[in-house]
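**Student:** Take a look at the letters that make up each chain.
There are 2 protein chains.
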Amino acid sequence: MKGKRVRVEILCTGDEILTGKTVNTNYSHIARKLGEVGLDVAWGTTVGDDRASLLTAFRQAGERADAVIVNGGLGPTVDDLSQEVAAEACGVTLVLSDYWMQRMTESYARRGRVMPANNRKQAMLPEGAEFIDNPIGTACGFAVTIGKARFLFTPGVPREMRRMLDEQVIPRLLKLGGITGVTRLKRFHSFGIGESRADEMLAGIPGLAIDGEIKLGFQAHFPELETKLAARGATEAELDAKLAAIEAEVRRRLGNFVVAEDESSLERMVFERLKAGGHTLAIGETFTSGAIANRLAPLLGADTVFRRGVIAAEMTADGAADTLRAESGASHALVVLMQLDDGPDRPDFGATITVQIADENTAKGGGPVQRVARLVGGRDWVRTGAAELGLDCLRRHLMGLPVDERIDFERR
Amino acid sequence: MKGKRVRVEILCTGDEILTGKTVNTNYSHIARKLGEVGLDVAWGTTVGDDRASLLTAFRQAGERADAVIVNGGLGPTVDDLSQEVAAEACGVTLVLSDYWMQRMTESYARRGRVMPANNRKQAMLPEGAEFIDNPIGTACGFAVTIGKARFLFTPGVPREMRRMLDEQVIPRLLKLGGITGVTRLKRFHSFGIGESRADEMLAGIPGLAIDGEIKLGFQAHFPELETKLAARGATEAELDAKLAAIEAEVRRRLGNFVVAEDESSLERMVFERLKAGGHTLAIGETFTSGAIANRLAPLLGADTVFRRGVIAAEMTADGAADTLRAESGASHALVVLMQLDDGPDRPDFGATITVQIADENTAKGGGPVQRVARLVGGRDWVRTGAAELGLDCLRRHLMGLPVDERIDFERR
Chain A
1 MKGKRVRVEI LCTGDEILTG KTVNTNYSHI ARKLGEVGLD VAWGTTVGDD RASLLTAFRQ
61 AGERADAVIV NGGLGPTVDD LSQEVAAEAC GVTLVLSDYW MQRMTESYAR RGRVMPANNR
121 KQAMLPEGAE FIDNPIGTAC GFAVTIGKAR FLFTPGVPRE MRRMLDEQVI PRLLKLGGIT
181 GVTRLKRFHS FGIGESRADE MLAGIPGLAI DGEIKLGFQA HFPELETKLA ARGATEAELD
241 AKLAAIEAEV RRRLGNFVVA EDESSLERMV FERLKAGGHT LAIGETFTSG AIANRLAPLL
301 GADTVFRRGV IAAEMTADGA ADTLRAESGA SHALVVLMQL DDGPDRPDFG ATITVQIADE
361 NTAKGGGPVQ RVARLVGGRD WVRTGAAELG LDCLRRHLMG LPVDERIDFE RR
Chain B
1 MKGKRVRVEI LCTGDEILTG KTVNTNYSHI ARKLGEVGLD VAWGTTVGDD RASLLTAFRQ
61 AGERADAVIV NGGLGPTVDD LSQEVAAEAC GVTLVLSDYW MQRMTESYAR RGRVMPANNR
121 KQAMLPEGAE FIDNPIGTAC GFAVTIGKAR FLFTPGVPRE MRRMLDEQVI PRLLKLGGIT
181 GVTRLKRFHS FGIGESRADE MLAGIPGLAI DGEIKLGFQA HFPELETKLA ARGATEAELD
241 AKLAAIEAEV RRRLGNFVVA EDESSLERMV FERLKAGGHT LAIGETFTSG AIANRLAPLL
301 GADTVFRRGV IAAEMTADGA ADTLRAESGA SHALVVLMQL DDGPDRPDFG ATITVQIADE
361 NTAKGGGPVQ RVARLVGGRD WVRTGAAELG LDCLRRHLMG LPVDERIDFE RR
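Top to bottom, those sequences are chains A and B.
Residue numbers in the first sequence follow our numbering, run continuously in steps of one, and reach 412 at the last position.
Residue numbers in the second sequence follow our numbering, run continuously in steps of one, and reach 412 at the last position.
Derived by calculation from the structure, the hints in this document are not laboratory data.
All residues carry an ideal CB built from backbone N, CA and C; glycine is no exception.
One or more hints might be untrue.
Derived CB-CB ranges, DEER-like [unchecked claim]: (1) His221(B) - Ala276(A): 54 to 60 Å; (2) Ala276(B) - Val78(A): 47 to 53 Å; (3) Asp380(B) - Val92(A): 49 to 55 Å; (4) Leu96(B) - Asn256(A): 33 to 39 Å; (5) Met101(B) - Val78(A): 52 to 58 Å.
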């Protein structure tokens with residue numbers, strides 16, 4: 001199942017990337033995806049739409065790497081040079097792919113259009129190249145060998161690149177490395193614990209020790225932390241069996257801090273809980289200025305649950321959630337108020353955040369659930385944290401979990 | 001004033017960048033900043049915290065480039081290797097900078113702390129290296145010559161890198177290229193015109209033709225387009241004189257589509273207009289779900305103007321702005337309603353957007369100002385566009401400009 005180490009490089013082309021006009025998110029996407037299946041990137045290169053640079057970059061990568069993913073330069077215009085320079089580096093000519101010409105022609109015809117003449121360029125591939133399918137665009141991929149490395153060419157359009165990476169490129173790289181079986185990425189989204197604490201909390205989980213089969217990783221994007229289990233197995237069934245106990249253990253150790261898993265999100269969990277309970281929600285905000293409503297209300301179907309959002313420059317905590325609940329007619333009211341520090345923005349600028357939740361039970365009982373926390377880290381940071389804190393308190397309340405568990409970002 | 005062409009490369013180091021865990025925004029920031037002062041980047045390299053890769057990367061860049069900006073690897077931990085590998089590539093040893101040791105010690109002392117022992121590593125520089133000051137961090141920069149290129153080392157912390165780039169690195173590169181004088185970047189933010197149309201609208205402006213002195217560029221970040229004039233002159237006074245007429249012409253040609261200039265923004269322009277007129281504002285939103293309030297309300301001082309935001313799952317256009325204005329007590333009401341297409345999200349998913357503005361005059365006159373537009377491009381795209389459209393209509397209304405000028409993103 002485990003194969004030999006494949007040295008992979010990523011080579012990004014195009015003036016927009018080279019000049020910084022476009023942030024190179026294609027690079028980070030490719031590198032991350034490779035890491036998740038156990039393939040490590042060893043080198044990254046960026047060059048412009050320039051023949052000499054491309055040729056040098058191809059040759060140098062061909063000396064260092066086993067496999068090179070080239071991204072960009074497959075378009076129909078004259079500054080798209082990947083096929084031409086690949087052919088030059090291989091010492092072959094470009095030949096027309098009748099198959100791709102036909103596919104492009106048919107694709108245009110289906111939309112009632114005639115294919116522009118310059119698209120023909122996109123069907124010109126280096127002689128002997130392996131064809132790599134692009135099911136959603138006119139830039140097909142291809143593979144050739146330059147030096148000692150296999151070069152896999154992908155288009156710069158992110159949507160097309162991402163699909164081809166998953167379906168075409170990664171399987172070829174795994175095969176190249178003699179790596180068989182299936183892979184899976186399990187993700188836990190948490191709020192309230194930093195990367196180093198999560199790392200400690202998950203230390204020594206049995207099964208995580210098996211080298212290379214299940215890999216633990218973290219990705220912090222404040223205010224959340226993503227904990228990732230990248231796993232590989234011979235079959236899906238074997239993966240299920242191997243992962244089940246480890247997933248349960250991760251869930252148990254991260255505890256109440258896990259706000260969602262995989263494709264879900266904190267706001268989606270809140271929405272689903274509200275929906276399942278037949279509840280409706282009103283949100284009151286001050287300095288978060290709509291940021292909370294803006295996460296929840298756009299969810300597909302949220303209009304069945306989301307009743308009203310109110311953003312006010314000033315709101316007093318006293319009875320705020322009860323009043324909002326009564327005025328809106330919603331079953332639940334979430335209010336997030338902030339008392340900001342004075343003075344200009346700075347790294348230790350902070351705020352005291354008051355979260356209040358009212359529902360039918362709190363109205364009968366001792367008044368709304370309340371959580372007060374102090375966050376610091378500049379205006380934007382504090383605002384983002386407050387929105388998350390408010391939603392997380394509501395999630396915890398709806399799930400019957402304690403709303404006042406201390407979080408790492410909090411100052412006392 | 002114009003010097004020789006300097007071939008600049010950017011070399012980014014660090015496992016976080018190499019593995020895609022962190023998106024490489026440092027690269028794009030550096031490349032863009034260089035472009036703005038007329039220095040073009042010729043090559044970008046990314047390597048991990050790996051001695052052999054770093055050494056190879058330094059040597060190859062030293063053969064190709066005139067100047068190399070190295071980013072990252074100056075931290076206090078063992079995986080920060082930039083100084084060590086730089087010394088190895090130069091064939092020298094590392095020597096302690098007493099000056100930097102003292103600066104770090106004092107900096108810790110000012111905050112009442114003792115400097116950790118491992119910070120000493122950050123004062124070890126290759127023998128003979130030129131010191132580059134870091135006024136806000138413990139990672140100082142330095143410059144050495146490897147091969148035929150001057151290497152300038154900067155820390156990976158974005159805040160520190162950005163400041164050192166402006167104050168230390170770019171002046172050195174300009175000097176290296178024999179480029180004298182001062183530079184300036186003039187920016188216009190517009191809404192409603194695409195890059196290619198803006199390019200046409202600005203064709204043939206006299207003065208833009210002077211090669212290399214004033215460079216026109218665009219940066220699209222939907223829904224806005226940024227039009228940039230990067231200019232160079234012998235003195236500030238000369239720049240003023242040269243730019244004045246061209247700026248005025250750009251402003252005239254882009255016309256009402258310019259929403260803000262330089263550091264300002266659409267929301268700030270709206271806020272300032274409201275404030276200057278002694279007005280207050282209430283905002284009503286449906287599917288934009290607080291996105292409009294979320295742009296305006298967080299501005300420093302906005303609490304003097306922003307009265308209330310209401311987000312509702314459903315709201316009818318009929319009298320909406322008048323009602324909101326009356327209920328909130330604000331002098332102005334902005335309502336943005338959306339009628340979404342049916343079905344799942346897709347690239348041609350769209351919405352019909354109704355913008356309504358009420359104020360004292362419309363209440364006396366023929367009812368609120370109204371603008372209806374259809375946007376397509378998927379749920380998120382449409383939502384972002386609607387928020388911008390709403391704010392822009394308010395800006396136009398406050399400035400006495402037509403609110404119904406057709407925009408490029410609009411479908412009829």
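**Student:** Does each hint fit the structure? Answer for all of them.
**Tutor:** Each hint tested on the structure:
1. His221(B) - Ala276(A): 54 to 60 Å: Cβ of histidine 221(B) to Cβ of alanine 276(A): about 38 Å, so the range 54 to 60 Å is violated.
2. Ala276(B) - Val78(A): 47 to 53 Å: About 50 Å separates the Cβ atoms of alanine 276(B) and valine 78(A), which means 47 to 53 Å holds.
3. Asp380(B) - Val92(A): 49 to 55 Å: violated, 44 Å
4. Leu96(B) - Asn256(A): 33 to 39 Å: violated, 49 Å
5. Met101(B) - Val78(A): 52 to 58 Å: holds, 55 Å
When each numbered hint is compared with the structure, violations occur for hints 1, 3 and 4.
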